[in-house]
Structure formats: C-alpha cells, structure tokens
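**Q** Protein chains in written order, with our numbering: chain S, 1 to 299; chain V, 1 to 404.
It should be emphasised that the hints constitute simulated quantities derived from the structure, not laboratory data.
There may be inaccurate statements among the hints.
Mimicking DSS-like on lysine-lysine, the simulated pairs with C-alpha atoms at most 27 Å apart in a straight line are [what the hints assert, rightly or not]:
#1 S:197 / V:206
#2 V:185 / S:87
#3 V:236 / V:310
#4 S:8 / V:185
#5 V:206 / S:93
#6 V:206 / V:185
#7 S:197 / S:167
Which stretches of chain S does chain V cover? Using the computed rule of at least three CB atoms under 8 Å from a CB of chain V, they are [to be verified]:
#8 32-45
#9 50-56
#10 59-71
#11 109-123
These numbers were taken from a predicted model, which means no experiment stands behind them.
All C-beta atoms, glycine included, are put in the ideal place defined by N, C-alpha and C.
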Amino acid sequence: MDQIMLSKYNEMLFTPGHRACPGCGATIAVRAILEATGPDVIVVSPTGCLETFTAQYPYSPWGVPWLHVLFENAAAVAAGVEAALKKRGLADKVKVIIIGGDGGTHDIGLGALSGMLERGHNVTYICYDNEAYMNTGVQRSSATPVGASTATSPVGKQSWGKERPKKNLPAIVMAHGAPYVATASIAYPNDITRKVKQALSIQGPKYIEIHSPCPIGWGFDSSLTIELARLAVQTGLVPIYEAFQGQPLKVRKLAKRIPVTDYLQQQKRFRHLVEGQGDQEHLALIQAIADENIAHYGL
Amino acid sequence: MAIGTLSVMEGSMAIAQAVKMCRPAVISAYPITPQTHIIEFLAQMVANGELDAEYIRADSEFSAASILAGASATGVRTYTASSSQGLLLMTEVIYYLAGTRLPVVFTGANRQITAPIGLQPDHQDTMSLRDSGIIELYVEDVQEAYDTHLQAFKIAEDHNILLPVMVCMDGFVLTHVFEPVKTFKQEDVDAFLPPYEPIHYLTPEKPMVFGSGTDDANTMEFHYMGHQAALRARDKIEAVAREFESAFGHYRGGLIDTYATEDAEVILVAMGSVIGTLREAVDILRGDGVKVGLVKVRSFRPFPAEALRKAINHASAVAVLDRALSFGYQGILATDVKAALYDAPQRPLVLGLMVGFGGREVNLNTVREIVQRTQRVLDIGQVPNETEFIGLKTETLPHFSVVA
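Pulled out of the complex, with its shape left as it was, chain S reads as follows (with noise of 0.2 Å):
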C-alpha cells in the first residue's frame, strides 16, 4: 500500500494546476506531508523549485497559507510564524512547517536552521531533498552526492563531478539535540505522511529530510521518478530512518539489495561513470559509500 496515496482533502490543500516539471518528486512529498498537516498549518517555504512552481502572481495552487520570504531564511521566518501564533494564541492550533530545498536547507539556509534547532521552536522542517540546484539550472549544492555531473561540478578531464561526498544533514540536526529526525523517500508516500504525522506529534524543532528525484536534474524520463527513488533506497545510498532523541535509530531494512550502479546507469548526471568499460575505480568508490550506510544504520 506504500504506493498508493489516498486523500482526505481531495486535493484541496495543494491543488492541480502548478507549474512543476512532468515527474517532480517534490510535489510528490507535498501532498504527502499536507496529508498530515490537514487544513491547520502555515507553511514557510525558501526560495527554489516549490516557490517558483507555486506562486507566481496571480495563481497559486496552495490551499493553506503560505510564506515564502528569501532563500537563506526559512527557518528563521517561520520561528517568527510560531511566536506570532503564539502571541495570538492559536500555538496550539496552527502547526507550523517549512518545506525547501537542499540548497535553501544544507547550504545557504542552514545558519537559520541551526538557529531555530537550537532555540527549540514548536517547527517542523521538512527538506525535499533533490540533490543540486535545480531551478537555476542544476548546479551542485552540498547535498549532491559524490561523482555526479552537475552545471557547476562538469565531468572534464580534470573532475569526475562532484568531488565530495553528501553532507550528513540530518546527524547535524540530530547533533542539535533536536527531538525527531527522520528521512524518507517519495517511493513511500504513506510512510512520509506517518512521519510528518509523528512529527507534528512531538514539541520542538523537529526534521525530515525527503529524497526526491527530479527528471531535469539528474536526466531521467519522467516516468521513473517513483522507481529511481525505490532504487536509491534500495542500494542503501539514501538510508531511511527515524531517529528519537535518546533511543536507537528506527530503520527501514532492505528486502531487496541492488548494486549502486543499478541506479547509477538510468541517469544522465552519473554516466560517465558507467558508460563503456565503466570508471570502476570511482564506482568502487560510491559502492563503499553504500556499504558503509547499510552497515552504519544495519539497513
């Protein structure tokens, strides 16, 4: 049933009529999480793909209220959001939640972030995790994985792509003490929406971070988009976990185990890897990386 979305608000929340690309994952998660939320929510979104599919003057398919102010400060607006609210005494009512990208997340708006983590705001900070910057073209962010080919980390003669591996954001989160951090996959809609559920559940900051393939940026058809997420989940590279504060991390284990290069070979940003006699040294490379999570979390 992890496959299948079934909604309560008949599109209500997060209406058809956007300007997302074909096969988005991003707004895959969206309805996921506004699932969870209901109707009572505001949403404090950075700027990136979200903002500018959703709200260009005069049209708007959000249903709950929404703010979008820069792209380094999310977290920061939506700590005000929560002290507005509470002010007005509606804390207990409204939920407030951030849905942005990995640029606006792991990069330009993590000073925010951590200010928010460590303040303790009643906010929950979802990342739709897309893995480089996508609306201005793809270029690498810190959550781009190692050895992708991105606008600004070209494979050349000299660079294989990005050089470095994927920042741990949600360890860093964790590191905040923050009291629920959680990663999840578009491939499991169901399972987003039970987390942002059990999310909204807990008092304090608290983190989601939503791998979500994007056709454009890492060059698919946009009819993989679900199946590219399953099998980044199921090579281990994208680990799928919940964390608590204070209890062992709850993991989703593999059933099925695949190669790296399984998921590596559908996609254009990964090619040089794989095509010909294949970049065996680098694939190794990405391998152990895979390894590591599965022996790391004991997916």
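With chain S fixed as given, assemble chain V onto it according to the hints.
**A** Frame of chain S, contents of chain V only:
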C-alpha cells in the same frame, strides 16, 4: 493632555521604554555595538514580566529581521534594533519587508561600516538602505528618539502606508548619553497608539500566499504602489507629529525642522545628533553678525524635497554636512539636496561637505570653518570642489599604505 515624567536616563533605556510602551508582540535581535543596550534593557523587561512579548535571541541580524518578517506576516507588531554591519546583513530582508508591505519598526543605531572596522557614528549604514523602501527618520537627541519611536509604529502600521520604519540615532552620542527625558504613562501611549490591526495576515481561516514571484507583467505595478505609499508617508509623518503634539504637548517630528532660516544668507543642512551642536553654533555665529541658519532633515526617506526647497531656496549658499558618502560621486545628502533645488526658481550655491564622517568630532570650530568656506565660495560665485572633507588630515595621507 498626557503628563510626562522627566528623568535622566541613558538613550538606550529611553528607547527600550518607548518600545515597551508600544507593546510589540515579537522582538528579535542580535547584539552589536552600539545598539546592544537597547535589546539588553528589553530582555530585562521581558524577564521581569514588565513586557509581554515573545523575545527571540536570533543567530544573526539576518535571522532577527527574518523572524520579524514571519511574525509581521502573521499579523502582529514587531520590533528590532541594529547597527552598522548588522543593518547591512539585514538589508536583503528590509527590501522584502518594504516590498511585501510589512510594517516592522527598527532602531538604527548609526555606526560606521567596515572597512576599516570601527565603532564611531556616521550614517553610511542606514543610508545604504536608502533605496530599499524603508522609511528613515533621523533624530537629534534622546527625547526626539523616544518620541519618534512612539510615532514610528503609528506611521508604519497605517493602512495607507504599511512600510517598515527605521528610527536612526547616532551611536554612542545618542544611544549611550544620559539626558533628561520626558516619558509617558502606558494608558496615554495606548490612547495614542492603538493595537496593530493587520489587513492581510497568515491564518488557516483565510489562506493567503505571501511572497509570490512575478515578472515584467506585474513588477512595475508593485514598485509603483510601494513608491506611492512612501510618498503618502510624507503627509502621514507630519500628521502623526501633530497628533503626538495634541496627545503629549510637544511637537517632535515632521519632515524637516528649521532654525533661524528666514533671513539666513547661509543655511546649514544636516541630520542626526550634530543638529544640537549646530543649533548652538548658529546662536553664537549670529551673535558675531553672521546670518546663518539651519535645516534639519528628519525624514530622509521619504525625502522632503518640497519642504526643503521652500526652506532653503532664498539663501545665497547652502552647506550640506554629510556623514555618508557615495564613493566616486559625492555626499549622499548633498546629492539629494542639489536634486531638490534643481526645480527651484532661484538656486543657492551648494557646498557638499563630509563632516563628522567616521565619527570625526564636530564642534564650534568645525562650524566656523564651514561658514568661512561658504563665504569664500560666495566671494568667487561658484563651488570649486563638488565634495570637501572637513578636518581632513592631509599631512598624514602620505603615511598611509595606499595612494590618496
């Protein structure tokens, strides 16, 4: 009319007391000298239970302003204070607040901008916000700073304005000075400043989208509306100053203030704490037979071009004392004063003078030198240099490691 209580207090305490009386729902701030005392006093008031506000200690000035953007969009009264680099860090948010018509009130405790790093008061920080859409009011003493904070919320939150307002006060000279200040009772301030009633705010009962994008189809219209609001603020600033006078008994406000200008041949134009020094200098120079007058520009944005023109166009010469410079052109206030005079039927000569820039002391001798320079310019009938630096230590320039 309200009866005030006169007591001696630090400038920062006067600001904190004024802000407290305005009952902001959310305060967020980050420490930076010389603004810090203001937010420390407010923190203590919240800690003591004297002020019922959400007080958020932000991780940066950028976050502080962002927190207030979120709070203001959620429909409550908001306040912060900053200085110098902090204001620069807030700048991106300030443009957003003005563009989204969110009436956050700021104190800008004026301080020089790095490099070189330093703590002295000049206006380079707040004047760098000139084109953001924020309303900027410059005050000359602590009483005016207190009064102007009470007025600022009323101006910002007016439904025909809805723009952020910054009260600009020179760091240390005003924030750290102890002066007698007349403060007012809570019920009198409440009568003057009713609770904020937002038109648009975030609520699930009526979902709205804030901060949409747009393109060439609508951007000009949004900017036009913001510009019209800023222009309307000229009348509003005057009206609120008059309301303040009827409520509290003294007029502290308006777009400009004039002193001994009616028969003046030479008029000094300036902003901020230097005005107090200049008032005294005018008295002394008048005693020496020099027909000198003074115009204080209180509202820098919106710029009071018409009021200024009327106040100065009869003079033979105008000396603009600037504490902020547009590098490669001229003093920022001087540029605006000249532009305002362009349409006048007769135009005085205008001297653009960097005075007190980087916090350099301004005293009676400085003013004497300015008036002498003005006399020389009048003698030759033209202004030889677009910008002069008053008190520049030319003899030390060869010792700096860069070419002067």
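**Q** Are the Cα atoms of residue 185 of chain V and residue 87 of chain S separated by 27 Å or less?
**A** Holds. Residue 185 of chain V to residue 87 of chain S sits at ~23 Å (cutoff 27 Å).
**Q** Are the Cα positions of residue 206 of chain V and residue 93 of chain S separated by 27 Å at most?
**A** Holds, at roughly 15 Å.
**Q** Residue 8 of chain S and residue 185 of chain V were given as a pair; does the straight-line alpha-carbon distance stay at or below 27 Å?
**A** Cα-Cα ~53 Å, so violated.
**Q** With a C-beta cutoff of 8 Å, work out whether three or more residues of the region 50-56 of chain S approach chain V closely enough for the coverage to hold.
**A** Held - the region 50-56 of chain S has 4 residues with a Cβ nearer than 8 Å to chain V, which meets the minimum of three.
**Q** Just to be careful, I want the Cα atoms of residue 206 of chain V and residue 185 of chain V compared with a cutoff of 27 Å; is the pair within it?
**A** Violated - the C-alpha atoms of residue 185 of chain V and residue 206 of chain V are around 37 Å apart, more than 27 Å.
**Q** For the region 32-45 of chain S, do at least 3 residues have a Cβ located nearer than 8 Å to some Cβ of chain V?
**A** holds (count 5)
**Q** Need the status of pair residue 236 of chain V, residue 310 of chain V: alpha-carbon distance at most 27 Å?
**A** Roughly 19 Å between the alpha carbons, so the hint for residue 236 of chain V and residue 310 of chain V holds.
**Q** Starting from residue 197 of chain S, check that the Cα of residue 206 of chain V is at most 27 Å away, please.
**A** The given pair, whose Cα atoms are some 23 Å apart, holds under the 27 Å limit.
**Q** Given that the region 109-123 of chain S was listed as covered by chain V, double-check it with a C-beta distance under 8 Å for 3 or more residues.
**A** n = 6 at 8 Å, threshold three: holds.
**Q** Please verify the coverage claim for the region 59-71 of chain S: does it have three or more residues whose C-beta sits within 8 Å of some C-beta in chain V?
**A** Coverage by chain V holds here, the residue count being 10 at a Cβ distance below 8 Å.
**Q** Holds or violated: residue 197 of chain S with residue 167 of chain S, Cα cutoff 27 Å?
**A** Holds, at about 26 Å.
The structure fails hints 4 and 6 (numbered hints given earlier, in ascending order).
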